[in-house]
Amino acid sequence: MKNKKQSKKLIVIFLALISSTCFQLPVFADDGSLIMGVFPRRPAQTTIQAFTPLAEYLSEKLKREVKLVTTYDFTSFWQDIEKKKYDIVHYNQYQYIQSHKEFGYQVIVMNEEFNKTTISSVLISKNPNITSLKDIAGKTIAFGGGPKAMVSYILPIYTLRNAGITNFQFKSIFAINPPNAMMSVYFDRADVAGVGNKVVEMSDVKNNISAAKLKIISQSEEISQLPWAVKNNMPKELKSTIQELFINLKNDDKNKIILSTSNVTNFVIAKDSDYNRTREIVFEVTGVQY
Amino acid sequence: MSTSSTNKTNKSWFSSLAGKFILPIATILTITLGGSAMHTYTEDKNAAYNSMINKIDNLGQLFVQISPNAILSYDFESLNNFMESLTHTEDIVYAVIVSPEGNPMTSYIDINNEFISKDNHNHSHKHDFDRHDIINLMKEVGLHSQVTQKIYPINIEKQELGNIYVGLSNTRIEEKTRNLFLQQLFVSLSIIIILSFIIYSIFKYNTLKPITQLIDGSVRLSKGNLDKTVNVYSNDELGDLADCFNTMMGNLKTNIKEKDEILNQLKDLNRNLENRVEQRTTELIEVNKELEHLALHDTLTGLPNRSVIHGSLKHNIQFSKVKKEQFCVFMMDLDRFKEVNDTLGHDFGDELLVAVSERLSTSLRDTDVIARLGGDEFAIILPQTPINDAIFIANKIRKKMEPVFMIQSQALSISVSIGISNYPQHGHDTTALMKAADVAMYHSKNNHISHCIYHDGLDNRSPDQLNIMGELRDAINNKDLCLFYQPKVDTKSQKIIGVEALVRWNHHTRGLVFPDDFVPFAEQTGLIKPLTSLVLRLAIQQLSEWNKQDINVSMAVNLSMHDVQNDDFPDLLSSIIEQHQINQGQLMLEITESTIMSNPESVMAVLEEIASMGVQLSIDDFGTGYSSLSNLKKMPVNELKIDRSFVMDMVKDKDDRAIVESTIQLAHSMGLKVVAEGVETNEISKQLVELNCDIIQGYYISKPIPVDEITNMLTKESVLTSSTEKKSRTR
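Note that the protein sequences, when read in sequence, are chains Z and B. Under the working numbering, the residues of the first sequence are numbered 1 to 290, in order. Under the working numbering, the residues of the second sequence are numbered 1 to 731, in order.
All the pointers check out, no bait thrown in.
If you anchor each label on the Cβ, the simulated ranges turn out as follows:
| hint | chain 1 | residue 1 | chain 2 | residue 2 | range |
| --- | --- | --- | --- | --- | --- |
| 1 | Z | 269 | B | 55 | 53 to 59 Å |
| 2 | Z | 138 | B | 55 | 44 to 50 Å |
| 3 | B | 133 | Z | 169 | 29 to 35 Å |
| 4 | B | 160 | Z | 238 | 52 to 58 Å |
| 5 | Z | 277 | B | 85 | 40 to 46 Å |
| 6 | B | 160 | Z | 169 | 25 to 31 Å |
| 7 | B | 133 | Z | 171 | 23 to 29 Å |
Just so you know, the hints here were simulated from the structure itself, not pulled from any lab data. All C-beta atoms in this analysis are idealised placements derived from N, C-alpha and C, irrespective of residue type, glycine included.
Excised from the complex, chain Z in its bound form (with noise of 0.2 Å):
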């Protein structure tokens, strides 16, 4: 009995290897390829499926290999990201503003989701009996990725806090990403979710969830989109390459699909002040400057 337990483990063991190999794709590359690094906003699996046409695009136009990574949550995303291992990076606002300001990421492009380069956060709820913020009070919210997330913990935040609620008047729990924050609430496990305002319409959440039994109470003020960064040392002629690259492929209709299966409408040029905004409210909740 022990011995099948012990082998159970060891099965368990192996499993999550085989998913960790999967998952962690090589972050160094020392052959002239460019690791390209895309945060966990959705399963690793969704995250890989969604990008590699992309990787795949970006090897095709620069001639060299373009290996997509992933992570299985926030936090080994962001010791990656300290370690500098992506060439090319996708994250969210609040990680981009800390990772120029301490390792000099640049952004170079960033979504247009939905037609909009913009993003609010939202609080929704499943709870009939809460149809405000005001009604928030003593109830547990969750949120998605962890503190450093920003649309789905950092904005929202900000917005309780601007309603006059502060951290203390409810439980925060984490869920690994902000669709699942979502089905906390849809599973009872939360009364209420912190999560974008393009959340409900993905179609992680469209696949798990109805979506149509969860309703907005709040939605916050809107910043700019999930950005595209390369290192600080990226030649400038193939940072201005790449760049391109996400531009153009609107432009071309075979690539259109490459958009798509990423999950935006198109990639716009992004500079970095377009994430002031951003930094003034990482502030305002966190108060740290970035």
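With the hints as your guide, set chain B onto chain Z.
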């Protein structure tokens, strides 16, 4: 062959040998293979079910291991993916992770699953289910008999995180194992059919075919065709059977041939036998005719005998009764024929009788019946004849007899006596008519007239007493007569030394009839002969019985005149004695003195013949017949019986006493014993003893008594004493 085929067609295949052989085999194969298929089906089903459970358990345990991380990190998408992947596993209807509070933490439901789609038509999309829907759905689906719910708890460090609810369907296993079962069943059935066919074919070739040939051979045999043998070439028992059959057929053929030869011989023998039987039958018919003629006709004259005349009489009575007509009967005998016979010899007498019968025949009509009854006695029936015509015919007969007869060159003149009776005037039955004619004939003879017509004056006994005579004839034939016995006591020893048998007629209406009332009639009608014969038989038979009981006495029997005049009597007596094996000296025949004196010479001859046989003779009623002492001296008698008339009065009448005394002395002087009859008193008895009488007999000793009483008496020591005592007591 056709019969065999017919038999085959008439028989049901199931009752045939093939059916009886194949059906059990097919049944055994079916049971075996069917059972095997069923067993395999059950085993497969259980194994598949266990395999499914094991697989699901393994998967469940796997997800139990990987789920806590996702639960703790609120990774519902992964949980959902887990459950989705689990749900997509074979045989799983649903897989839901439920929180410890009972709320589902995953939403994936395969709405295409047959059980889900059956019960949740209103859910068009898989995410239309809220937590209540999912819980209810699990409950509802769990109600299906094909669905089993398994629960895998998710724990970490004793903290309950939730449970994985898995709904398992055994539909696929059922279907799969059922299909396997059906396949196996099909294979088994195929094997059964093929094996049965092969076995049947082998059986048919090796067994049924020889049997069919044997059957055909048997059919041929039953039709008598023994030429064709049965050809079965096999070394098994059927081959042996066929050889035996052929051998049997050969033997049968030989036997039939021999039998046919024997049959032909038997037919020849039978034919010969039939011819001989036919010949013997013809001879027998002839002999029978002769015997019948002899039985119905007199051998001497060729005339019908007594049987014919009786039959004819009955016929005429019936006929005349219906027609209301008269007819007459003649009884006729020849006058002085006995003298002719005695003087001229029996042959002469016979020739005379033949001549008389010839004249009689020419004297009568064809319709008249003449019969010789015996001796010189003839009977004639005259149908449809009144008395006047009968008288005319009687005269005609008389005249016919008047011319002398020339017998053996000797002229003889003879007359006849005819008695005539008429129906219905003198009787309505044969006995009465014959008796009436007989009485009339005796009257005619006694009065020396040629014929006499019967009338009541001739016989005061008629017609009632005539009827008695008829009854007596029947009584003799039916042995309705019995004997009473009167003891004879020796005066010296005072013991019974003998008994006298006295006949009694036990008449059904008249009671006990004494011999004086019917013996004379018997003597007159010829019945005395059978009567004497019967009495003799009864007496000697009883004597024989007493001998067997060691009762040693003599038996006295009275004879009539007719008996001693009958030449056949000694032969009759001899045959009866021989039959009963008695000592002849024990038998004493008593003849009255008058009988002897009526024809001493003739009686003497018979008596001598009787005496020569050793039979004792006694002269009865001595003193009433005027015996000639010279004749008496010649008689071979042993005893004298003094008539009762002298004895009864001897006490009162001195003359009678003197007669008794002298008779005793006379008898003693002749060496004869003396018996005194009629001893009715003690005084008579005493005087007889004084007179030296040897034997006394009478009512003083005992009246005639039935056989059981006399037998009882014979066993006593002293009769005189006991008799005296008995009478004293009576007084």
